[in-house]
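S.K.: Going down the list, the protein sequences come from chains A and B.
Going by numbering that gives the first Met the number 0, the first residue of the first sequence is number 0, and it counts up by one from there.
Going by numbering that gives the first Met the number 0, the first residue of the second sequence is number 0, and it counts up by one from there.
Since the hints were derived computationally from the structure, they do not count as laboratory data.
Check each hint, because a few of them may be wrong.
[Claimed, not checked] Stretch by stretch, here's where chain A covers chain B in the computed footprint (C-beta under 8 angstroms, at least three residues):
| no. | segment |
| --- | --- |
| 1 | 21–28 |
| 2 | 95–101 |
[As the list claims (entries may be wrong)] Every beta carbon over 10 angstroms from chain B, so not counted as near; a handful from chain A, in silico:
| no. | residue |
| --- | --- |
| 3 | G68 |
| 4 | V427 |
| 5 | F563 |
| 6 | G582 |
| 7 | E587 |
| 8 | A604 |
| 9 | G615 |
| 10 | Y616 |
| 11 | R618 |
| 12 | L622 |
| 13 | V625 |
[As the list claims (entries may be wrong)] Distance windows between CB atoms, simulated:
| no. | chain 1 | residue 1 | chain 2 | residue 2 | range |
| --- | --- | --- | --- | --- | --- |
| 14 | B | V94 | A | G627 | 57 to 65 angstroms |
| 15 | B | A83 | A | G588 | 55 to 63 angstroms |
| 16 | B | R31 | A | L591 | 50 to 58 angstroms |
| 17 | B | R92 | A | G626 | 27 to 35 angstroms |
| 18 | A | G626 | B | D60 | 56 to 64 angstroms |
| 19 | B | L68 | A | V630 | 29 to 37 angstroms |
| 20 | A | G588 | B | G81 | 50 to 58 angstroms |
| 21 | A | G588 | B | V35 | 56 to 64 angstroms |
| 22 | A | V630 | B | V35 | 20 to 28 angstroms |
| 23 | A | V630 | B | D60 | 52 to 60 angstroms |
| 24 | B | L15 | A | V630 | 23 to 31 angstroms |
| 25 | B | G81 | A | V630 | 24 to 32 angstroms |
The C-beta atom is built at its ideal place from N, Cα and C for all residues, glycine as well.
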Amino acid sequence: MSANQVTLLILLFPAAGAILLAVGGRRLPRIGTAIVGPGVVWASFVATLVLFSNQVKGDFTYWTWIKSGTFQVPFNLLVDNLSIFMCLVITGVGGLIVSYSVGYMEHEDDPSYARFFTYMDVFIFSMLLLVLAGNFVFLIIGWALVGLSSYLLIGFWYQRRSAVLAARKAFVMNTIGDVGMILGAFVLFMTYHQTTFAGVFAAATNWCPPNAMCTLVFHSDSAVLELAAFLLLVGAVAKSAQIPLHTWLPDAMEGPTPVSALIHAATMVTAGIYLIGRMHPIYDVAVYAHNAVAIIGAVTALFAATIAIVQTDIKRVLAYSTMSQIGYMFLAVGIGAYAAAFFHLLAHAFFKALLFMAAGNVIHAMHDEQDMRKYGGLFRQLPRTGGAFLIGSLALVGVIPLVGFFSKEQILGAAFSKGDPLALSVWVIGAVTALITGFYTGRMWWMSFAGKPAPERPVEHPHEAPPVMLVPVLILAALSVVAGFIQTRALGFGPSVVSDYLASAVGHMTWEENSGAVIVGLITMVLSTALFFAAYRFYVERSWKAWSANAPWAQRMLERKYYFDEMYDAAFVRPMDAVASWGARDVEGPVLDGLVVGTGNAAVAAARSLSLTQSGYFRNYVLVFVGGAVVAAVLLLIRVA
Amino acid sequence: MTLGGSQIDASWFLILSAILFTLGAAGVLVRRNPLVILICIELMLNAVNLTLVTFSRQLQDLEGQLFTLMSITVAAAEAVVGLAILVDIFRTRDVEDVDELSEMKG
Numbered sequence: 000m001s002a003n004q005v006t007l008l009i010l011l012f013p014a015a016g017a018i019l020l021a022v023g024g025r026r027l028p029r030i031g032t033a034i035v036g037p038g039v040v041w042a043s044f045v046a047t048l049v050l051f052s053n054q055v056k057g058d059f060t061y062w063t064w065i066k067s068g069t070f071q072v073p074f075n076l077l078v079d080n081l082s083i084f085m086c087l088v089i090t091g092v093g094g095l096i097v098s099y100s101v102g103y104m105e106h107e108d109d110p111s112y113a114r115f116f117t118y119m120d121v122f123i124f125s126m127l128l129l130v131l132a133g134n135f136v137f138l139i140i141g142w143a144l145v146g147l148s149s150y151l152l153i154g155f156w157y158q159r160r161s162a163v164l165a166a167r168k169a170f171v172m173n174t175i176g177d178v179g180m181i182l183g184a185f186v187l188f189m190t191y192h193q194t195t196f197a198g199v200f201a202a203a204t205n206w207c208p209p210n211a212m213c214t215l216v217f218h219s220d221s222a223v224l225e226l227a228a229f230l231l232l233v234g235a236v237a238k239s240a241q242i243p244l245h246t247w248l249p250d251a252m253e254g255p256t257p258v259s260a261l262i263h264a265a266t267m268v269t270a271g272i273y274l275i276g277r278m279h280p281i282y283d284v285a286v287y288a289h290n291a292v293a294i295i296g297a298v299t300a301l302f303a304a305t306i307a308i309v310q311t312d313i314k315r316v317l318a319y320s321t322m323s324q325i326g327y328m329f330l331a332v333g334i335g336a337y338a339a340a341f342f343h344l345l346a347h348a349f350f351k352a353l354l355f356m357a358a359g360n361v362i363h364a365m366h367d368e369q370d371m372r373k374y375g376g377l378f379r380q381l382p383r384t385g386g387a388f389l390i391g392s393l394a395l396v397g398v399i400p401l402v403g404f405f406s407k408e409q410i411l412g413a414a415f416s417k418g419d420p421l422a423l424s425v426w427v428i429g430a431v432t433a434l435i436t437g438f439y440t441g442r443m444w445w446m447s448f449a450g451k452p453a454p455e456r457p458v459e460h461p462h463e464a465p466p467v468m469l470v471p472v473l474i475l476a477a478l479s480v481v482a483g484f485i486q487t488r489a490l491g492f493g494p495s496v497v498s499d500y501l502a503s504a505v506g507h508m509t510w511e512e513n514s515g516a517v518i519v520g521l522i523t524m525v526l527s528t529a530l531f532f533a534a535y536r537f538y539v540e541r542s543w544k545a546w547s548a549n550a551p552w553a554q555r556m557l558e559r560k561y562y563f564d565e566m567y568d569a570a571f572v573r574p575m576d577a578v579a580s581w582g583a584r585d586v587e588g589p590v591l592d593g594l595v596v597g598t599g600n601a602a603v604a605a606a607r608s609l610s611l612t613q614s615g616y617f618r619n620y621v622l623v624f625v626g627g628a629v630v631a632a633v634l635l636l637i638r639v640a
Numbered sequence: 000m001t002l003g004g005s006q007i008d009a010s011w012f013l014i015l016s017a018i019l020f021t022l023g024a025a026g027v028l029v030r031r032n033p034l035v036i037l038i039c040i041e042l043m044l045n046a047v048n049l050t051l052v053t054f055s056r057q058l059q060d061l062e063g064q065l066f067t068l069m070s071i072t073v074a075a076a077e078a079v080v081g082l083a084i085l086v087d088i089f090r091t092r093d094v095e096d097v098d099e100l101s102e103m104k105g
């Protein structure tokens, strides 16, 4: 089997699984659904492993999809180390999460059970298409399809009004991003008349295709590239829930927990990072857009972390923490440390999927209660879940030797050692965010697992999750512990597997790591760990007075999430509603209806007045007839005369 | 035109025909009895026939007479249809005034 066929197989497995479950899901026995759903993802994983182990690279064109004059859209899949890396994350972590869903969705009835796995497979297919696409058209198709499957899965429990509203919100926000993406692709197409990545990059920047030897010569037409890069950034910001298009992600937690783990933590929300990494030849030239990426990422990281301090819903804390961590990745790609961003993407996929699934186990044990204030003291009763959750939390805080330390500190180290003012200021923001991360993560863990059980806890003696839900969590916990050792650059020595692997696709960092970065990183680590433990004093022992007692206004502002929803409500939703109701009241009725009904009424009135001539009296008709004849005769005589 | 050895001017025939036509038209306009109205229409038709014949003779063209024959045929048909309708109406009720026959107005 040749490499391009294997590449196609990666896509075909989940597509086939989705079609099978969609068509035959109702007739398939439950065990069949439980095998097909995750099975096709694992099959894709194996196919990806084949490409990975054979070091396959290439731009495979299968057929020409659209051909109209000079406009050509081939169906081509771009296989390089970046897309293989993304496929490994998607199918590997995705496989674990979809397997976990077999247990988590156990309570659904059969049609819903099959529907869930159909959507999950559709999502995996779309995400793989997104990362494998070799041209802008298929990138946009994959981009829109992941938005669609996200919408379907957030609204999975469509009987709940809040879930439907959240799904709609996510879809609208993502559509704003899609429009940006499409416009960006248009700008590039109008300028370079190319739809393939290879064609655009070659025309725009003299970019090197994989396996080619060439020197980079940057063109100076960067105004167009700036525009395109900013438009593409709109798409990335919407998909990755960065400021200002972030408001959908916390609401998306209405979906089932495996969905939050897969789509809203591990894979889909990182599509923005992938996009900017993939478009790095453009961003390397478009300096302003590139700086904007770093600023947006840093601001979002800090902003989301502060909100996470006051959230009481365990999934919402994780959602804001996801926004914050993706902010780190934006920060990294924004300053040009692409490989560091993708390493953090990998690490985040591990520990955040772990945290979400462990949270899912807790929610399951607590009979769907998500309020952390009603947990307390769970560690003794759920030791495995609690332990895994602790590993995930410490990885999120960035404690040596967990994977989160190496990935986060590499980003901060890169920012610290780059030296320009922008990098330095985003480093400051990132470091402060790291400290806050330690605090809110500690608050989450201690509130849920330590102390005494809360009096209003719904379940007195919770049960540990079944193996199908525990094993994926434990595997991810193990990965969170060991994965850091493949890249220990944050300590200044050791291997850098991810960076070396991705170097052929995203290039090397253009500056050296500063030795001071290691020391600064260790200080950050110690401080944030200290804050992790300080949270115990605040929220369990309560020996320290809650910080919010001194600043209730800050507490309120954070609980209202900086009033973003209220601002959008006032700026867009309510004016829109006002215009709509004005239209319904003052335009639709009087003007539009008036025109239509008025035309009818006028016709009726005209007919009524004409019908007066139809008196039915013979003499009237004759009089008109004779009178007409006389007039005609007179006219005739006048003409003759 | 010669009549009994003496010439009569064609205008006399036309004047007669005009008088007959006017009488017919006035009858149609002022009379109310449907039967009388039909007769008046016949009168108008025949006034026109007279005009046609007069001009035919005057211009030495047979087309006028041909047209008259045609007109008489049509008049016969018209009389048949009109009378048939009237007979049918008179069967159900006694109509003295055409104004009574206005049920079909819009």
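S.K.: Far enough from chain B: is every CB of that chain over 10 angstroms from the CB of A604 (chain A)?
M.R.: holds, 15 angstroms
S.K.: Taking the closest pair, is the beta carbon of F563 (chain A) still more than 10 angstroms from chain B?
M.R.: F563 (chain A) is indeed farther than 10 angstroms from all Cβ atoms of chain B, at 68 angstroms.
S.K.: Holds or violated: is the Cβ of R618 (chain A) farther than 10 angstroms from all Cβ atoms of chain B?
M.R.: violated, 7 angstroms
S.K.: Falls inside 50 to 58 angstroms, the C-beta gap from G588 (chain A) to G81 (chain B)?
M.R.: holds, 56 angstroms
S.K.: Regarding G626 (chain A) and D60 (chain B), is the given constraint of 56 to 64 angstroms on their beta-carbon distance met?
M.R.: About 32 angstroms separates the Cβ atoms of G626 (chain A) and D60 (chain B), which means 56 to 64 angstroms is violated.
S.K.: Could you check the hint for me, namely that A83 (chain B) and G588 (chain A) are 55 to 63 angstroms apart, CB to CB?
M.R.: Holds - the Cβ-Cβ distance for A83 (chain B) and G588 (chain A), about 57 angstroms, lies within 55 to 63 angstroms.
S.K.: Starting from the range 52 to 60 angstroms, see whether the pair V630 (chain A) and D60 (chain B) falls in it by beta-carbon distance.
M.R.: Between V630 (chain A) and D60 (chain B), where Cβ atoms are some 29 angstroms apart, the hint is violated.
S.K.: Against chain A, does the segment 95–101 of chain B show at least 3 residues with beta-carbon separation below 8 angstroms?
M.R.: Three-residue rule met by the segment 95–101 of chain B, so holds; n is 4.
S.K.: Could one say that the CB atoms of R92 (chain B) and G626 (chain A) fall in the range 27 to 35 angstroms?
M.R.: holds, 31 angstroms
S.K.: For the pair V94 (chain B) and G627 (chain A), does the Cβ-Cβ distance stay inside 57 to 65 angstroms?
M.R.: Cβ of V94 (chain B) to Cβ of G627 (chain A): about 27 angstroms, so the range 57 to 65 angstroms is violated.
S.K.: For the hint 24 to 32 angstroms, verify it against the beta carbon of G81 (chain B) and that of V630 (chain A).
M.R.: holds, 26 angstroms
S.K.: Taking 10 angstroms as the cut and beta carbons as the points, is V625 (chain A) off the interface with chain B?
M.R.: violated, 6 angstroms
Consistency note: the structure conflicts with the earlier hints numbered 9, 10, 11, 12, 13, 14, 18, 23.
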